[in-house]
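Asker: One letter stands for each residue in the lines below.
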Amino acid sequence: MPSETPATFTRQQFLRGFWQNLAAEVQSVSQSLQGDATRILLPPGSQSWQHLLATCTQCYKCISVCPHEALRVVREDADHREGYPAIYPLLSACQNCPDMPCIEACENGTLSYANRHNSSQTLVVDPALCLNGQGHFCMSCVNQCPVGESALKLDENGLPEWNTAACTACGICIQACPAPTNAIKIQLEEAPCPSPAS
Amino acid sequence: MKQLNRREFLKTSAAATAAAGVGVSLFPGMAWGDQARDGLNWHKSVCRYCGVGCGVMIGTKDDKVVAVKGDAENTINNGHLCVKAFYLPKAVNADTRLLNPMVRKDGKLVETSWDEALDVVAKNFNKIRKEHGPDALAFYGSGQAETEETYMANKLFKGCIGTNNVEGNPRLCMASAVGGYLTSHGLDEPAGTYEDIEKSECFMLVGSNTAEAHPIIFERLMRHKHANPNVKIVIIDPRKTPTDQVADLHLFPKPGFDLPVFNAISQVLIAEGYADEAFIKAHVGFKSNDGKLGDLESYKKFLEDYTPEKAEKISGVPAADIVKAARIFGKSKTAMSMWTMGLNQRQRGVWSNNLVHNWHLITGKIGVPGSDAFSLTGQPNACGGVREGGGLCHLLPGHRVVANEQHRKEVAEVWGVPAANIAPKPGKHTVAMFGALTDGDIKGIYIMCTSPAQSLPNAKKYWKGLKEQFVVVAESFYPTMTTKYADVVLPAAFWSEKEGVYGCTERRSQYMPLTVPPRGQARWDAFILRDIGKRMGFEKEFAKYETAEIMWDEYRSLTAGKDMDLMGASYGRLKKVRGLTWPVPTEDHPGTYKRYTKGDPVFDRLPAEKKAGRRMYFYGSKTNDGKATVWMRPHMDPAEPTDAEYPFALTTGRILEHWHTLTMTGTAPQLNRAVPKAYAEIHPADAKKLGIANRSQIVLGTRRGEMQIEARVIDRPAPGTIFVPWHWEEWPINVLCNDAFDPGSKEPEYKVAAAWVRKA
Numbered sequence: 104m105p106s107e108t109p110a111t112f113t114r115q116q117f118l119r120g121f122w123q124n125l126a127a128e129v130q131s132v133s134q135s136l137q138g139d140a141t142r143i144l145l146p147p148g149s150q151s152w153q154h155l156l157a158t159c160t161q162c163y164k165c166i167s168v169c170p171h172e173a174l175r176v177v178r179e180d181a182d183h184r185e186g187y188p189a190i191y192p193l194l195s196a197c198q199n200c201p202d203m204p205c206i207e208a209c210e211n212g213t214l215s216y217a218n219r220h221n222s223s224q225t226l227v228v229d230p231a232l233c234l235n236g237q238g239h240f241c242m243s244c245v246n247q248c249p250v251g252e253s254a255l256k257l258d259e260n261g262l263p264e265w266n267t268a269a270c271t272a273c274g275i276c277i278q279a280c281p282a283p284t285n286a287i288k289i290q291l292e293e294a295p296c297p298s299p300a301s
Numbered sequence: 087m088k089q090l091n092r093r094e095f096l097k098t099s100a101a102a103t104a105a106a107g108v109g110v111s112l113f114p115g116m117a118w119g120d121q122a123r124d125g126l127n128w129h130k131s132v133c134r135y136c137g138v139g140c141g142v143m144i145g146t147k148d149d150k151v152v153a154v155k156g157d158a159e160n161t162i163n164n165g166h167l168c169v170k171a172f173y174l175p176k177a178v179n180a181d182t183r184l185l186n187p188m189v190r191k192d193g194k195l196v197e198t199s200w201d202e203a204l205d206v207v208a209k210n211f212n213k214i215r216k217e218h219g220p221d222a223l224a225f226y227g228s229g230q231a232e233t234e235e236t237y238m239a240n241k242l243f244k245g246c247i248g249t250n251n252v253e254g255n256p257r258l259c260m261a262s263a264v265g266g267y268l269t270s271h272g273l274d275e276p277a278g279t280y281e282d283i284e285k286s287e288c289f290m291l292v293g294s295n296t297a298e299a300h301p302i303i304f305e306r307l308m309r310h311k312h313a314n315p316n317v318k319i320v321i322i323d324p325r326k327t328p329t330d331q332v333a334d335l336h337l338f339p340k341p342g343f344d345l346p347v348f349n350a351i352s353q354v355l356i357a358e359g360y361a362d363e364a365f366i367k368a369h370v371g372f373k374s375n376d377g378k379l380g381d382l383e384s385y386k387k388f389l390e391d392y393t394p395e396k397a398e399k400i401s402g403v404p405a406a407d408i409v410k411a412a413r414i415f416g417k418s419k420t421a422m423s424m425w426t427m428g429l430n431q432r433q434r435g436v437w438s439n440n441l442v443h444n445w446h447l448i449t450g451k452i453g454v455p456g457s458d459a460f461s462l463t464g465q466p467n468a469c470g471g472v473r474e475g476g477g478l479c480h481l482l483p484g485h486r487v488v489a490n491e492q493h494r495k496e497v498a499e500v501w502g503v504p505a506a507n508i509a510p511k512p513g514k515h516t517v518a519m520f521g522a523l524t525d526g527d528i529k530g531i532y533i534m535c536t537s538p539a540q541s542l543p544n545a546k547k548y549w550k551g552l553k554e555q556f557v558v559v560a561e562s563f564y565p566t567m568t569t570k571y572a573d574v575v576l577p578a579a580f581w582s583e584k585e586g587v588y589g590c591t592e593r594r595s596q597y598m599p600l601t602v603p604p605r606g607q608a609r610w611d612a613f614i615l616r617d618i619g620k621r622m623g624f625e626k627e628f629a630k631y632e633t634a635e636i637m638w639d640e641y642r643s644l645t646a647g648k649d650m651d652l653m654g655a656s657y658g659r660l661k662k663v664r665g666l667t668w669p670v671p672t673e674d675h676p677g678t679y680k681r682y683t684k685g686d687p688v689f690d691r692l693p694a695e696k697k698a699g700r701r702m703y704f705y706g707s708k709t710n711d712g713k714a715t716v717w718m719r720p721h722m723d724p725a726e727p728t729d730a731e732y733p734f735a736l737t738t739g740r741i742l743e744h745w746h747t748l749t750m751t752g753t754a755p756q757l758n759r760a761v762p763k764a765y766a767e768i769h770p771a772d773a774k775k776l777g778i779a780n781r782s783q784i785v786l787g788t789r790r791g792e793m794q795i796e797a798r799v800i801d802r803p804a805p806g807t808i809f810v811p812w813h814w815e816e817w818p819i820n821v822l823c824n825d826a827f828d829p830g831s832k833e834p835e836y837k838v839a840a841a842w843v844r845k846a
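Respectively, the protein sequence lines represent chains A and B.
With positions in the first sequence counted from 1, the corresponding number in my numbering is that position plus 103.
With positions in the second sequence counted from 1, the corresponding number in my numbering is that position plus 86.
Excised from the complex, chain A in its bound form (with noise of 0.2 Å):
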């Protein structure tokens, strides 16, 4: 992107920079799209997506357990997690049952108590589109949070902040972001799986 105007330059020269930078900016933003396009979760008690893509059955047990048809199957993705149980939060959140139906039904144990609070994916906020970021003040997120306090709250700059031990990734901020694009990521560790050649 040119950082300062020619003193003259002609109508080719602005239309093709014009178009250069939207284009610039469509793909910028479309991969910041994408990559939460899906915008899905694993589902309760996963230890990572490559462990689940390793391992689970597709039974589907979970999906049909849950009571609040908070797991669905992957349809489309770009990180071929198609056939695979996720959660997807600005369809439906997951709601933290005490008793998780999800964990008991798994067959295999993909599904497991140990891995409730796991590191391999994480939520942050972008701050440039998280309305905190924007000098304004918002808490949706962080007042519905579940879990309360411990697992989010807004840090010193006014920005939620997420503590990994004690978030269970169920995706209700991501559901009650009120931002005009949704501000939260999420982040993972790894990638889901080795990306095909591109």
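Among the hints, a few may not be true.
[Stated by the list, open to error] Simulated crosslink set (DSSO-like; lysine-lysine; CA at most 30 Å straight-line):
id : chain 1 : residue 1 : chain 2 : residue 2
1  : A       : K288      : B       : K763
2  : B       : K763      : A       : K256
3  : B       : K417      : B       : K386
[Unchecked claim] Over 10 Å on every C-beta distance to chain A, these chain B residues come out as not near it, computed from the model:
id : residue
4  : A180
5  : D181
6  : G248
7  : E298
8  : P301
9  : E305
10 : Y360
11 : G380
12 : H480
13 : P720
14 : E743
15 : A754
16 : R759
17 : D772
18 : K775
Simulated from the structure, these hints should not be mistaken for laboratory data.
We put the CB at the ideal spot given by N, CA and C, even for glycine.
Using the hints provided, position chain B relative to the given structure of chain A.
Answerer: Same frame as chain A, now just chain B:
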């Protein structure tokens, strides 16, 4: 730069277009949102929502409101906005905006011309007045209406039609705070301003979920405490809320049983030596509950019944916590108490207010920077339009009362009507007014900028009157729960489409410009009322009101020399500054930070001998000695305590994302997704006993109705308490609320009703 192939470009450009629509920059180097700000006209204004009074900049383009941002130069919010304000443009441009007048014909509301609609109103009102007298008519307005609008309504109904049946929804909200200030200080509204916040060491948040009800005030508290870790915050509330983030101590009284706690705090303050006896001697009088004069000794005797141990028995709050709270308050050099509906919406709301005022009066924590008994006002213009403008059945503009002959004369003279027009007896307060409507004693009512069908306590009881009598509704959105009862619906211009003044919590009057023309056929409420007045035959009484400024200036003239002097607050000046805190007697006066003390022009004018030996003079004091009053208010149970059949205390309230009856916040999809529906918060221990799972359906009922609703099992309401937010028409929780009211303030007891709960 990686080249996009055509497929990727097409696949993602749709998403990008959507993103661009919400302000993703398409031009290099610009921050998010800047592109949206380019080419816009920005207008300094005030937020449409709560009583904090945040400054906003309204961005318009081609006669359309397209953006809102915080006004960085407004000292109230320093450019910050809560999430509701952020989405105001959606409300302005919503499909649900009412654009055409409607009249009911053959049972159906049909669009019509303004001419016909106003004719129907004027003819029916005149007919009712002629056949049944002026008191068969009524006006019910709002703390969200502009001061000029309430001023016109007051003149029309009190000055011309001749009825004092003029009320407004602040009766349901702030009346007890008004009563508290009048009985404790002698005059309404706080002695200090928001400026005290950053100067205070201690905050008592009593019956206030500040984080959700007054978010930008909460943000200031949060930042202040973060910057000053020695700041202590005590919360007194039957419910844990997001406000608890900043709490050092939280007392959980059983709903409606908190008065002993407030008295017990005073008991400890005195017993442990935190009372300022010199301050008391010079500035404080004492009255027993029956109004008899007492003194510090008789007060100490009264407090013997309110030791922390005795208060614990009644309230359930551990005595040790009461002592802790009192010590925090007493030890702090400066302290602010802030409260809102938890104290006001009670059948002893005035008493609750008095008891919190007592803490400040006995310790002298008032009238100095950082110390104040600071009531948080709910609505944006309850102070300006209704409390100051006199929009209640016993009031007249400029802190006057209908019962005072001299007051009636002063107002009548400015209005250009015979003083005899203004009735000397107060009209019907809100609950009585709608009761009279139900009984048919009131046959015609004009409802402006509020939805009583949803917001009244025990709401269902009053639907009959709305249905059967002649109802005119002036409203900006359609439909509402109230418009369905209307015989005439008048499209009112909305915020940003009309100029006028809002006066917020801290006595600050702020100007709002007309930034875009009213949509459709909507007209400004003040002009609607003016024209109805003319059509009813009061042509000469309303002829002069061509502009908002004329109305504001006339109203202001009624404040000259009074405690709420606004003579220095012309539109010209208000347009330039970020509001002015009264008293502001002249154009070069900066406005007043602290009342009743040096710097307050009314205090400064007092003769020296009155002020001798004292730093404050409560010049409105009814004891005529410049002293504030400590009231010895006893405990009284709520109107409907829990019992075996109704074992839960139902309390209602609001949430951050939504406002009142959702006419405005309901137009923002993001706010609706954040909180799409009502729910009932229930403590996990109670849920377990009743076999209620989180997010399952339950039924809850009071003596007035029952409702199925989703349960939210959460450690927020104390065991035995249920909390329901009141915003949704589909879950009209106010139907279950109790319309018992405070005999002094007439404010209903929304905050406590006895309820049962079961699985659905």
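Asker: Now tell me if each hint is right for this structure.
Answerer: Hint check:
1. K288/A with K763/B: holds (25 Å)
2. K763/B with K256/A: holds (24 Å)
3. K417/B with K386/B: holds (20 Å)
4. A180: Consistent with the label, A180/B stays out of reach of chain A, its closest Cβ about 16 Å off (over 10 Å).
5. D181: Non-interface label stands for D181/B: nearest chain A Cβ at 19 Å, farther than 10 Å.
6. G248: Consistent with the label, G248/B stays out of reach of chain A, its closest Cβ about 47 Å off (over 10 Å).
7. E298: Contrary to the label, E298/B does not stay out of reach of chain A, its closest Cβ about 7 Å off (not over 10 Å).
8. P301: violated (5 Å)
9. E305: The claim breaks: E305/B does not keep its Cβ more than 10 Å from every Cβ of chain A (closest is about 5 Å).
10. Y360: holds (31 Å)
11. G380: holds (45 Å)
12. H480: holds (37 Å)
13. P720: Fine: 37 Å to the nearest Cβ keeps P720/B off the interface.
14. E743: Check fails; 6 Å does not lie beyond 10 Å.
15. A754: violated (8 Å)
16. R759: R759/B is in fact no farther than 10 Å from some Cβ atom of chain A, at 7 Å.
17. D772: Non-interface label on D772/B holds, nearest chain A Cβ at 15 Å vs cutoff 10 Å.
18. K775: holds (15 Å)
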